[in-house]
Structures are given as C-alpha cells and as structure tokens.
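Using the sequences and the hints, build the whole thing.
There are 2 protein chains.
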Amino acid sequence: MRILYHLPLSPYSRKVRLALGEKRIPFDLRSERIWERREAYLAMNPACTVPVLTEDNGLAIADSAAICEYLDEAYPEVTLIGRTLAERAEVRRLACWFDGKFSTEVTRLLVYERHLKSLMGRGNPDAAAIRAGYQNLKPHMEYLGWLAESRAWLAGPNLSLADLAAAAQLSVLDYIGDVDWSVNEAAREWYARVKSRPAFRPLLTDRVSGLTPPPHYADLDF
Amino acid sequence: MRILYHLPLSPYSRKVRLALGEKRIPFDLRSERIWERREAYLAMNPACTVPVLTEDNGLAIADSAAICEYLDEAYPEVTLIGRTLAERAEVRRLACWFDGKFSTEVTRLLVYERHLKSLMGRGNPDAAAIRAGYQNLKPHMEYLGWLAESRAWLAGPNLSLADLAAAAQLSVLDYIGDVDWSVNEAAREWYARVKSRPAFRPLLTDRVSGLTPPPHYADLDF
Chain A
1 MRILYHLPLS
11 PYSRKVRLAL
21 GEKRIPFDLR
31 SERIWERREA
41 YLAMNPACTV
51 PVLTEDNGLA
61 IADSAAICEY
71 LDEAYPEVTL
81 IGRTLAERAE
91 VRRLACWFDG
101 KFSTEVTRLL
111 VYERHLKSLM
121 GRGNPDAAAI
131 RAGYQNLKPH
141 MEYLGWLAES
151 RAWLAGPNLS
161 LADLAAAAQL
171 SVLDYIGDVD
181 WSVNEAAREW
191 YARVKSRPAF
201 RPLLTDRVSG
211 LTPPPHYADL
221 DF
Chain B
1 MRILYHLPLS
11 PYSRKVRLAL
21 GEKRIPFDLR
31 SERIWERREA
41 YLAMNPACTV
51 PVLTEDNGLA
61 IADSAAICEY
71 LDEAYPEVTL
81 IGRTLAERAE
91 VRRLACWFDG
101 KFSTEVTRLL
111 VYERHLKSLM
121 GRGNPDAAAI
131 RAGYQNLKPH
141 MEYLGWLAES
151 RAWLAGPNLS
161 LADLAAAAQL
171 SVLDYIGDVD
181 WSVNEAAREW
191 YARVKSRPAF
201 RPLLTDRVSG
211 LTPPPHYADL
221 DF
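Protein sequence lines correspond, in order, to chains A and B. The opening residue of the first sequence carries number 1 in this note's numbering; numbering runs sequentially from there. The opening residue of the second sequence carries number 1 in this note's numbering; numbering runs sequentially from there.
Calculated directly from the structure, the hints in this document are not laboratory data. All values derive from a computational prediction rather than experimental measurement. Just so you know, not all the hints are guaranteed correct.
As the list makes no split between identical chains, a pair holds if one copy fits it or if it spans any two.
Unchecked claim - No farther apart than 20 Å at their CA atoms in a straight line, the calculated lysine to any residue pairs in the SDA-like style are these: (1) LYS138 with CYS48; (2) LYS23 with GLY210; (3) LYS138 with ALA47; (4) LYS101 with PRO46; (5) LYS101 with SER10; (6) LYS138 with GLY100; (7) LYS101 with MET44; (8) LYS101 with THR49.
Shown next, in the form of structure tokens:
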C-alpha cells in the first residue's frame with residue numbers, strides 16, 4: 001500500500017495529505033519520529049524531514065513540493081496545479097509563498113518557539129520571535145483575504161495546491177490557537193470552505209499528546 | 001524581449017540564468033533594486049524577491065522554482081527536470097535541497113553575515129552565524145562529492161536542475177571566496193564541469209561593486 005510518512009503538526013505533511021485526499025488517492029499514514037534518524041528513513045530522505053511518500057513499485061519521493069508535482073503528473077485526472085501555463089505559474093508562486101515565506105515568517109516562529117522548543121527541551125520561548133510571528137501574521141492574513149475576495153480560490157477559478165499549502169500552514173497555527181479569524185472575514189470564509197471539504201476531515205481529528213486544540217479547531221462553523 | 005529581473009549575487013537568479021542558458025532561450029537581464037520596492041515590480045511579485053521572468057505576451061512569473069517548472073513546460077526541447085517520474089522526483093528533491101536546506105544552512109549565513117549585513121548598514125557580522133555557516137558547509141560538500149562520485153551528474157545520468165541549483169549556490173559562495181575546493185576532489189571536478197558549460201560563462205563575468213572575487217572565481221582550471 002502507498003504510505004505517507006508524516007507528523008501531525010507538519011504543515012508540509014498536511015499539504016500532501018490534502019493533495020492525496022482531493023485526488024482521492026488511497027494511502028496509509030505513518031508517523032515518523034524524525035528525531036530518531038532511522039536508517040531506512042534516511043536512505044529515502046537524507047534531509048530527514050517529513051513527509052516522504054512511498055509507492056508500491058518501490059519509488060520513494062521526498063520533499064513535499066516534489067511529492068505534489070509527482071502526484072499531479074502520475075495522477076492527472078484531478079489537477080491541483082492548473083491547466084494553462086499562466087494558471088500553473090500562479091499556483092506555484094502562491095504554493096511557494098505559503099511553503100516558504102509564510103512558514104518562515106509565521107509558522108516556524110510560533111510553532112517552534114511556543115511549542116516544539118519546550119517539547120524538545122531546548123529552553124524557554126523567545127518572546128521577541130513570538131512577537132515577530134504575530135506581527136507578521138497580520139499582513140499575511142490581509143493578503144490571504146485580498147486573494148480570497150478577488151478570486152473564487154486563492155490562485156484563480158479552481159481549488160489548487162495554493163489553497164492546500166495555505167490551509168496546511170493555517171491549520172497548524174489554528175491547532176495551537178494562534179489564528180484570530182475575526183480579523184479578516186474573507187480569509188475566514190475561505191478557510192471555512194477549505195475546512196468543509198472531505199479531504200480536510202482527517203486533519204481535524206489529529207491530536208498531539210500534551211497539546212489540546214481550541215474548541216473551534218474541528219468546528220466547521222467557527 | 002523576454003526579461004529576467006535579477007541580482008548578480010542571488011543564487012536563485014543564477015539558477016534561472018543557467019536554466020535559460022542551457023535551454024538556449026534568449027533573454028535580457030535587468031538588475032532589480034528590490035530594496036526600493038518599485039511598485040510595478042511589486043505588482044509582478046508581491047514577495048519582492050528576485051528573480052522574476054517576463055514574457056513578451058505579458059506573462060510575469062515569480063519564484064525561481066515556479067520559473068524553472070514553467071521553462072520546462074513551455075520549452076520542453078531540452079528538459080532539465082528529467083523524463084521518468086522517478087528521475088523527476090530525484091531532480092526536484094535535490095533542487096529543493098540546494099534551494100532550501102543548503103541555502104538556509106550555508107549561503108544565507110555566510111553571504112548575509114559576511115557581506116550583505118554591512119552593505120545594508122545592519123551592524124557587525126555575527127561570528128557565531130559565520131562559524132555555523134562554515135561548519136554546515138563541510139557535510140554539504142561531502143554529500144555533493146558523494147553524489148558526484150556515484151552518478152554522472154548530481155541527480156542521475158543527465159545534467160539537470162539539481163546541478164544548476166547546486167552550482168548557483170556554490171558560485172555565490174565562490175565569488176565571496178568561501179569555498180575551499182581542495183576538501184573534496186569529486187565536488188571540485190563536478191563544479192569544473194558545470195563551470196565550463198557555455199551557460200555558465202555570463203556568471204563568471206559578474207562583478208559587484210565593492211566586492212572583488214578571488215582570482216580563481218572565473219578560472220575554469222581552479
């Protein structure tokens with residue numbers, strides 16, 4: 001069976017779970033304790049990050065962007081990257097925006113400093129980094145709201161990898177209670193639409209020991 | 001005419017220049033002073049990073065990974081991503097490795113701390129960050145050497161985006177004199193092969209005011 005090695009609070013794992021779900025590709029989910037640096041896992045992905053996808057024919061694909069490109073090429077019935085060159089450029093620009101810029105400026109600061117750091121025994125949270133994360137979240141929510149208002153979905157008329165990349169980041173922040181959805185109605189309405197898709201349902205039942213999400217996390221009408 | 005907005009020491013701009021060169025796609029190069037946040041440029045790329053590629057039909061593509069995917073789809077005669085699904089997965093994994101992991105762990109630390117910081121008037125270099133950059137470079141050179149020894153090119157039998165992404169990062173470090181090529185013979189031999197390709201030639205004539213590269217920078221026999 002196809003296997004996705006993941007961690008529940010990894011936004012990149014979540015993006016691939018959403019992509020597999022939207023494409024209705026069945027898969028088994030396996031937690032990978034990457035900090036143990038398992039040898040067989042390192043052989044598949046020397047960067048030792050999640051996710052990694054393995055296919056029944058033995059193919060192992062590392063890096064969430066490489067996995068999503070692979071899925072769109074191997075299972076093209078439902079495309080998540082778009083049809084025309086212009087659509088595909090816009091989808092990829094925004095997927096990179098959320099995977100890269102948003103993650104660096106917001107998710108990593110908040111998730112690492114507020115939670116992972118103490119779980120990993122690396123000392124106290126850095127208050128300045130947390131403040132920066134919250135500060136950076138504001139313009140990102142505005143941009144998200146602007147995209148959601150100007151277009152049916154973030155990158156254009158169709159749901160795409162851009163929506164999945166954005167929702168993956170935001171769903172992790174939402175799990176740790178860091179998103180104030182009242183600040184931007186268009187962003188909230190867009191997230192409600194993504195959240196109510198069948199592919200999103202498994203993410204809403206994720207639980208991490210020692211970290212309880214706020215009551216609205218799994219609520220479709222938040 | 002097709003235009004690539006770039007900066008000479010941006011590894012991502014260099015990667016796209018190499019891709020255009022390998023595909024023999026003509027283009028004009030324009031320096032973009034991204035710190036001035038020009039409005040027309042922000043409209044093409046709200047992230048305000050280089051590179052951006054514009055086509056004669058008005059299409060503007062932002063993000064170097066999106067540009068490279070676009071180039072392989074729009075001009076498929078010379079493929080840089082590979083033919084089979086497995087080849088393409090490996091090329092993209094390694095391109096992401098150098099664009100992401102290598103850049104974060106090495107290039108950004110050394111280029112930012114040793115040069116950009118003072119140019120931008122942001123204070124003194126952080127000695128710990130510079131030390132970390134040099135430390136991290138060692139295992140990366142070993143991995144690069146191992147890939148170069150095991151395969152004809154980094155991702156397999158053909159030159160690919162993986163080679164261009166790696167060479168782009170290393171060429172910037174080489175410009176500032178931070179690569180000791182004597183530490184790994186296989187890596188040096190691979191770089192010599194990439195460096196001698198016609199697509200690489202324009203990068204060797206790049207000059208940044210106030211920053212003179214070491215004599216071996218433009219030397220094909222270093």
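If any of the earlier hints don't hold here, list their numbers in rising order. Hint 2 is the one this structure does not satisfy, whereas the remaining hints hold.
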